[in-house]
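**Student:** One letter stands for each residue in the lines below.
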Amino acid sequence: MFLQLVTPPSTSPAAPPVTPAQNNVDSLWLYHPLQLSAIVETMWRNRGNAPSSPFVAWPADFTNLILQDTTFYAGYPFPNTGGVGLPEYQGLMPSADFIPPSQQPGIALISGNVPPTNWDHLIYAYLVENTRIFDIFAKVLEAYMFSERLETPSPATQQFLRNTEYLIYSDGLPTMVWTTASRLRRDEIANRMTWYYGMFGLDLAHAQQLSAQHPYEKPAAANRDFIPTFEAFASEVWQGIQNSKNTSGVNTTDDEAISTAARRIFDMMATRRLNGNLSREEFRAVAIMSWLHLAVMYDSPVVQDLKASASSPEMRLQKIAERVGMPAHIKTKPLLDLSQEFSFLLQSIETGAYNTPGAASLLYTLGTPIEQSAEIVIDQYSLATGRNLKASHVAVTERRTAPRLPPAPPARPNGRADRPAAA
Amino acid sequence: MNSDPRHEGPYEGKAVEEPTGIPKIVDEIVEHVEAAVEHVEHVLAPVPADASHQEPDEAEAFDSLFTRHQCEVLRDLLRLHRSLRGPQALLERAGHFTRPPFPPPPKTSDARR
Numbered sequence: 002m003f004l005q006l007v008t009p010p011s012t013s014p015a016a017p018p019v020t021p022a023q024n025n026v027d028s029l030w031l032y033h034p035l036q037l038s039a040i041v042e043t044m045w046r047n048r049g050n051a052p053s054s055p056f057v058a059w060p061a062d063f064t065n066l067i068l069q070d071t072t073f074y075a076g077y078p079f080p081n082t083g084g085v086g087l088p089e090y091q092g093l094m095p096s097a098d099f100i101p102p103s104q105q106p107g108i109a110l111i112s113g114n115v116p117p118t119n120w121d122h123l124i125y126a127y128l129v130e131n132t133r134i135f136d137i138f139a140k141v142l143e144a145y146m147f148s149e150r151l152e153t154p155s156p157a158t159q160q161f162l163r164n165t166e167y168l169i170y171s172d173g174l175p176t177m178v179w180t181t182a183s184r185l186r187r188d189e190i191a192n193r194m195t196w197y198y199g200m201f202g203l204d205l206a207h208a209q210q211l212s213a214q215h216p217y218e219k220p221a222a223a224n225r226d227f228i229p230t231f232e233a234f235a236s237e238v239w240q241g242i243q244n245s246k247n248t249s250g251v252n253t254t255d256d257e258a259i260s261t262a263a264r265r266i267f268d269m270m271a272t273r274r275l276n277g278n279l280s281r282e283e284f285r286a287v288a289i290m291s292w293l294h295l296a297v298m299y300d301s302p303v304v305q306d307l308k309a310s311a312s313s314p315e316m317r318l319q320k321i322a323e324r325v326g327m328p329a330h331i332k333t334k335p336l337l338d339l340s341q342e343f344s345f346l347l348q349s350i351e352t353g354a355y356n357t358p359g360a361a362s363l364l365y366t367l368g369t370p371i372e373q374s375a376e377i378v379i380d381q382y383s384l385a386t387g388r389n390l391k392a393s394h395v396a397v398t399e400r401r402t403a404p405r406l407p408p409a410p411p412a413r414p415n416g417r418a419d420r421p422a423a424a
Numbered sequence: 574m575n576s577d578p579r580h581e582g583p584y585e586g587k588a589v590e591e592p593t594g595i596p597k598i599v600d601e602i603v604e605h606v607e608a609a610v611e612h613v614e615h616v617l618a619p620v621p622a623d624a625s626h627q628e629p630d631e632a633e634a635f636d637s638l639f640t641r642h643q644c645e646v647l648r649d650l651l652r653l654h655r656s657l658r659g660p661q662a663l664l665e666r667a668g669h670f671t672r673p674p675f676p677p678p679p680k681t682s683d684a685r686r
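Residue numbers (this note's numbering), protein chains in the order written: chain R, 2 to 424; chain V, 574 to 686.
For reference, chain R alone in the conformation it holds in the complex:
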């Protein structure tokens, strides 16, 4: 969710961005929690699929008032220049210009029109959380709060830690749409594991370690068939991709099989989501994980303060984990690489686009962005799970039993006849 907030519409390599997303993220860390809350509510209100989920956000007049307010001051400098407020970003922006909340690309008006927003699928949150990023940052916060084991954080990092602690690791304001914890469901980690199980029939990789501290309930109605169905779908799509690359031989592509599997996934997801069910929970989970994901997408202030600068998100996370004495998931790279593409693939399946064989060829026609995305999912899924979706189908049948033969006669030494036994 925060990823879509900070990234400008065009990501075409041909057109360099006017304001890089990194600059927007640097600004994002510095906002007041109330500004961030207004952003969250605005993102929800502007969602492109509003009719599918009935929950109402804060009123636009209210959020606009907060987002456009320019008096979020850090305070006043006394005594020399009394009366002039210090802006909230005073001396904190690492580079370029501070971007006010209302100018973040995801919510900034375009020619006076409200742009529709979108965010990732719950599978994104599941995959990112599997890296243990949530637990690692919890440890980082603990280390900063209760010890001086780590170096004193810079002012920019302190702003980040404040927002992370009170927005991500706390209960939200009761009136906010993303508040999904209450006295009845206090444990947000356990809640998320319940949703993951309901939607995908999956536990987190480190669920055994978590379940002692966060016991959770596995819902009776869960999509337990999701993984076998998805693997059948992906395997059929791979057949199509393979045959698109072939110039001769048998074409085993089966559009009917692709659409049948897609339809099953569509129905599973639609059943869990009836009447906007789980939509707020998904929003919250995705928002939390995208916030933490953004923090390791580049050498952000907290990454630099933790001496975790690196060349890729997984290496940064690994180094942060080492600083607080924890391991990150060893498959962090494929999990992160898979997260955004898998999110798109599942959303596209949920549009119903592949429910009929007619559009199945979009998934494997070489060169289309859809095919490229599907291929990344198939590759990264295999790397992350160790289950090769490209392997040929092997039918499991009953073991063939050998025909019964009469018992072999006893061996006789050559040239000697058996003698009758002596009476």
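Derived by calculation from the structure, the hints in this document are not laboratory data.
Beta carbons are placed, not taken as given, at the ideal position from N, Cα and C, and that holds for glycine.
Check before you lean on any hint, since a few could be wrong.
What the hints assert, rightly or not - Have a look at the derived ranges for each label pair, beta carbon to beta carbon:
#1 R:D268 x V:D649: 15 to 25 Å
#2 R:P220 x V:E633: 19 to 29 Å
#3 R:G76 x V:T671: 26 to 36 Å
#4 R:M327 x V:E633: 28 to 38 Å
Unchecked claim - In silico SDA-like pairs for lysine to any residue, Cα to Cα no more than 20 Å straight-line:
#5 R:K246 x V:F639
#6 R:K334 x V:T671
#7 R:K332 x R:T386
#8 R:K334 x V:E665
#9 R:K246 x V:T671
#10 R:K391 x R:E376
#11 R:K332 x R:S312
#12 R:K391 x R:N278
Mind docking chain V on chain R? Use the hints.
**Tutor:** Same frame as chain R, but now just chain V:
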């Protein structure tokens, strides 16, 4: 007797090509229909997701490969893909997120002290 002059003379008894030129009135009808269709699409088409930002029509390159229905689905899916604004590799290539320079720049003599 055949009254069509094309069936007489050197063409008699042979397959005759249709005239290649399109009468002007047909051209006018086509233009009229195209203009009407264009007008209807303009009225009914939803506002693009990012109205001020002219997205490149990536689907255009595949118009010859797919049917009209498939092209429509492809355009919808590409719009969905853009709305998710990722993935990381694409963002990095587009200059949204930087990696540390490699090899690292040489340190100045002041920094070594």
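**Student:** Could you grab the alpha-carbon distance between K391 (chain R) and E376 (chain R) and see if it respects the 20 Å cut-off?
**Tutor:** 10 Å, holds
**Student:** Would you mind confirming whether the straight-line C-alpha gap from K332 (chain R) to T386 (chain R) stays at or under 20 Å?
**Tutor:** Distance ~8 Å between K332 (chain R) and T386 (chain R) Cα, so the pair holds.
**Student:** Would you mind confirming whether the straight-line C-alpha gap from K334 (chain R) to E665 (chain V) stays at or under 20 Å?
**Tutor:** 15 Å, holds
**Student:** Taking 26 to 36 Å as the stated bounds, is the beta-carbon spacing between G76 (chain R) and T671 (chain V) within them?
**Tutor:** Once the Cβ atoms are compared, 32 Å apart, the range 26 to 36 Å for T671 (chain V) and G76 (chain R) holds.
**Student:** Take a quick look at whether K391 (chain R) and N278 (chain R) sit within 20 Å of each other, Cα to Cα.
**Tutor:** 35 Å, violated
**Student:** Does the hinted range 15 to 25 Å hold for D268 (chain R) and D649 (chain V) at CB?
**Tutor:** 20 Å, holds
**Student:** Hey, K246 (chain R) versus T671 (chain V), does the alpha-carbon distance stay inside 20 Å?
**Tutor:** 34 Å, violated
**Student:** M327 (chain R) and E633 (chain V), beta-carbon distance inside 28 to 38 Å?
**Tutor:** About 49 Å separates the Cβ atoms of M327 (chain R) and E633 (chain V), which means 28 to 38 Å is violated.
**Student:** So does P220 (chain R) sit 19 to 29 Å from E633 (chain V), Cβ to Cβ?
**Tutor:** Since P220 (chain R) and E633 (chain V) have Cβ atoms about 45 Å apart, the given range 19 to 29 Å is violated.
**Student:** Within a Cα-Cα threshold of 20 Å, do K246 (chain R) and F639 (chain V) meet the stated pairing?
**Tutor:** Measuring from Cα to Cα gives roughly 17 Å; hence the hint holds.
**Student:** Would the pair K332 (chain R) and S312 (chain R) pass a check requiring their Cα atoms to be no farther apart than 20 Å?
**Tutor:** 17 Å, holds
**Student:** Holds or violated: K334 (chain R) with T671 (chain V), Cα cutoff 20 Å?
**Tutor:** 18 Å, holds
Violated hints, listed in ascending order, are 2, 4, 9 and 12; each of the other numbered hints is respected by the structure.
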